[in-house]
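Trainee: Could you build all of it, start to finish, from the sequences and the hints given here?
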Amino acid sequence: MKTPLYSELRRRIILITLVVSIAPLIFLGGMIFYQFAGLCEQRAKEQIQQLARSQANALDVFLRERVNILTTLVDTVSFSEISQPDKLASIFDVINRRSAGLGLVDMGIIDSQGEHLAYIGPYNLKGLNYYQQPWFTEVMAKGEFISDVYMGYRQLPHFIIAVRSQKGRANWILRATIDSDVFNNMVRTVQTGQTGDAYIINRKGVFQTQPRFGGEILTLSKLIPAHFGQRTTATEHTDADGRRKFYAGAWLKNNAWLLVVSQEGCDEKGRLAQIRNRDILIVGLGCVAIILATVLITHMLIQRLEQNDKEMSGLSAQLVQSDKLAALGKMAAGIAHEINNPLAVIGEKAGWMKDLLKEEEFQQSENLAEYIKSVDKIDEHVERARKITHNMLGFARRMEPHLDDVEVNEVLTQTIDFLANHARINNIEIQTNLQEKLPVIASDQSKLQQVFLNVLNNAIDAIGSNGSIQVATIQKNHDIIISVHDDGPGIPKEMQSKIFDPFYTTKATGKGTGLGLSISFSIIEKMGGSISLASDPDQGTTFFIRLPVVTPAKK
Amino acid sequence: MELFRILVVDDEIDFLETIVNRLKKRKLDAVGVESGEAALALLDQQLFDVVILDIKMPGGMDGIEVLREIKRMQPLVEVILLTGHASVETSIEGMKLGAFDYLLKPMKFDELLEKMAAAFRKKAVQDQKIRDAKIKELVRYPARVLDQVKKNDK
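Chains as they are written, first to last, in this note's numbering: chain A, 1 to 555; chain B, 1001 to 1154.
One or more of the hints may lead you astray.
Straight-line Cα separation of at most 20 Å, EDC-like style, residue types lysine to aspartate or glutamate; simulated pairs [stated by the list, open to error]:
hint : chain 1 : residue 1 : chain 2 : residue 2
1    : B       : Lys1108   : A       : Glu361
2    : B       : Lys1025   : A       : Glu360
3    : B       : Lys1115   : B       : Asp1101
4    : A       : Lys330    : B       : Asp1014
5    : A       : Lys354    : B       : Glu1093
6    : B       : Lys1071   : B       : Glu1093
7    : B       : Lys1108   : A       : Asp376
8    : A       : Lys354    : B       : Asp1014
9    : A       : Lys526    : B       : Asp1110
10   : B       : Lys1025   : A       : Glu383
11   : B       : Lys1108   : A       : Glu494
12   : B       : Lys1071   : B       : Glu1111
13   : B       : Lys1108   : A       : Asp355
14   : B       : Lys1027   : A       : Glu383
15   : B       : Lys1122   : B       : Glu1111
16   : B       : Lys1027   : A       : Glu359
17   : A       : Lys377    : B       : Glu1137
18   : A       : Lys349    : B       : Glu1034
In short, the hints are calculated from the structure, not lab data.
Mentor: The structure is reproduced here in structure tokens:
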């Protein structure tokens, strides 16, 4: 039964435990995940930074290589030689055969006036003048020039490398168009994963290579090159569709190109989401487990509490009962004691009257016999009253238990012998089934005998005449159980609980005090045992006396 | 032969009177007093052979105390205890202190007579022994005995 107190307590315990255990769990789970995500991002940033740097270096090498070839050419071959078309053509041929990977599309010689003197290649550039072109000025000044990418021959991206000769009086320029396909491929390899991208933009933000997402080559990118500083910088940007992207930009050293490597968060293949989901699952399972365990344990706890309460109240009830018996006993003793005194006087006065009736003067009286009879009756009933009071005082008696070495079977047998005659007269058979070798116990022999006598007497009285009684003893663990079964009419259920109450008797007035069983109960209880009964109208009644085996102390 | 003298001590006057009367009816020399103090006062002046003593007398001296005093004053007196207290413990304690026997109240008068008879017999044997011892002493130490006789005469 749930008392309101425990409902409240249960709720509180569950609530507090859950809060205390789940909150940290969730907090930790969340914190760890976010830290992980943070670290992930950090790592992603670092990665693309490094990638950008190293790839930028590689691209630099690529460009430098080509520039070097041209400068070597320019420094080794004389102007007059190379400006001859067939010589130019054969040099071009040789270079292309040896190093097809160079991507050399054409080559041309331009003099110091900007005049395109010799050309080998697919375009029709001979005779053009570049004096006005800014790149011309630049190459004449700086000695080398790399152009931005443009759509060239066959609508493929190209860029130009031009180098100026250093030898001689007149400067001249060797110009070559490079197919940026190889270049593009190099850039493309940096595009890692499913969301990674890499491309080059020039100072104005125009794509120099084809990006994977978000633009076309030679269109304006959304990035602002000025945002990327000298060192390889990494930034973050949430673009139009709400995705977070990391960008790392590394400037090439050879020209004003910026290699941009981008990554969409660190969530490659949605790993992060996976981890997050797993995290949530674990925390969720943890929470469920905690909840289950808490509820279960609290339930057990409350149950135990309730059980305890029950036991305690049971114990209290027992104590109250014991107290009641003790109080009753005291009261009975008090009453008996008080009554004894007047009884003594009545008895002696009756005796005195008897003494006087023997005197001469009374012998003549015609009522003498009646007097004597009456006085005798007084005596008789005083005696009867005496028995009652002495019984009651016996009930309340609290003598020190007197411990003998008791052999239960022997005491039983003796008691049965006492009653043998009585039983035989009433045609009642007493059968015994006594376990051999019962342990000797330390107990009060006379008191035990009193109990056996009482129970056996009750059995005989229950049967009346013609029947049988079975007496058995058996040892069970640390107890000896004595059972006395009679095949009498049995005891109705309602009476069974009252039978050990003092003054409860079913016998006619004057035939029984109703104290026998309650005294026996008290005696056995004090010995640490118990008396119980089982009864059935058709089966009869069995009394069970349980005695703990107390080993006698060695003397 | 002297009559045996009986002293009955009980605070219940109806009981006391009846017992004394019944004893007297049987030609026994009985005296009754109502309290332990009265009993001791009397024992100081007169000799008794048997004292019938009610142990539990509320107010005044405790029965066991009285018993002790009696034994101190007249050690040869036999005491029979009456107890309305069915607690045998007190009676057994009394026995240890030298009481002759005990009876539970309400008692059977005949039982009292029996116990008294037994007490008398014991006393008679005791008295005989004492007499014999005195005679022996008389034979051995006449002077001492003469002194005693003189004392008794006074």
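Trainee: When you check the alpha-carbon spacing of lysine 1025 of chain B and glutamate 360 of chain A, does it fall within 20 Å?
Mentor: Given pair lysine 1025 of chain B, glutamate 360 of chain A holds - Cα atoms ~13 Å apart, limit 20 Å.
Trainee: Take the C-alpha atoms of lysine 1115 of chain B and aspartate 1101 of chain B, compute the straight-line distance between them, and say whether it is at most 20 Å.
Mentor: holds (7 Å)
Trainee: Check the hint pairing lysine 1108 of chain B with glutamate 494 of chain A against an upper bound of 20 Å on the C-alpha distance.
Mentor: Violated - the C-alpha atoms of glutamate 494 of chain A and lysine 1108 of chain B are around 42 Å apart, more than 20 Å.
Trainee: Take the C-alpha atoms of lysine 526 of chain A and aspartate 1110 of chain B, compute the straight-line distance between them, and say whether it is at most 20 Å.
Mentor: violated (37 Å)
Trainee: Taking 20 Å as the top limit, are the C-alpha atoms of lysine 1108 of chain B and aspartate 376 of chain A close enough?
Mentor: holds (13 Å)
Trainee: Could you grab the alpha-carbon distance between lysine 354 of chain A and aspartate 1014 of chain B and see if it respects the 20 Å cut-off?
Mentor: Measuring from Cα to Cα gives roughly 16 Å; hence the hint holds.
Trainee: Sort out whether glutamate 1093 of chain B lies within 20 Å of lysine 354 of chain A, counting only the CA atoms.
Mentor: Outside the cut-off at roughly 35 Å; violated.
Trainee: For the pair supplied as a hint, lysine 330 of chain A and aspartate 1014 of chain B, is the alpha-carbon distance within the 20 Å limit?
Mentor: violated (27 Å)
Trainee: Between lysine 1071 of chain B and glutamate 1093 of chain B, is the straight-line Cα distance small enough, at 20 Å or below?
Mentor: holds (14 Å)
Trainee: Take the C-alpha atoms of lysine 1071 of chain B and glutamate 1111 of chain B, compute the straight-line distance between them, and say whether it is at most 20 Å.
Mentor: violated (23 Å)
Trainee: Does glutamate 361 of chain A lie within 20 Å of lysine 1108 of chain B when you go C-alpha to C-alpha?
Mentor: violated (26 Å)
Trainee: Do the alpha carbons of lysine 377 of chain A and glutamate 1137 of chain B lie within 20 Å of each other, as the hint requires?
Mentor: violated (57 Å)
Checked against the numbered hints above, the structure violates hints 1, 4, 5, 9, 10, 11, 12, 14, 17; every other hint is satisfied.
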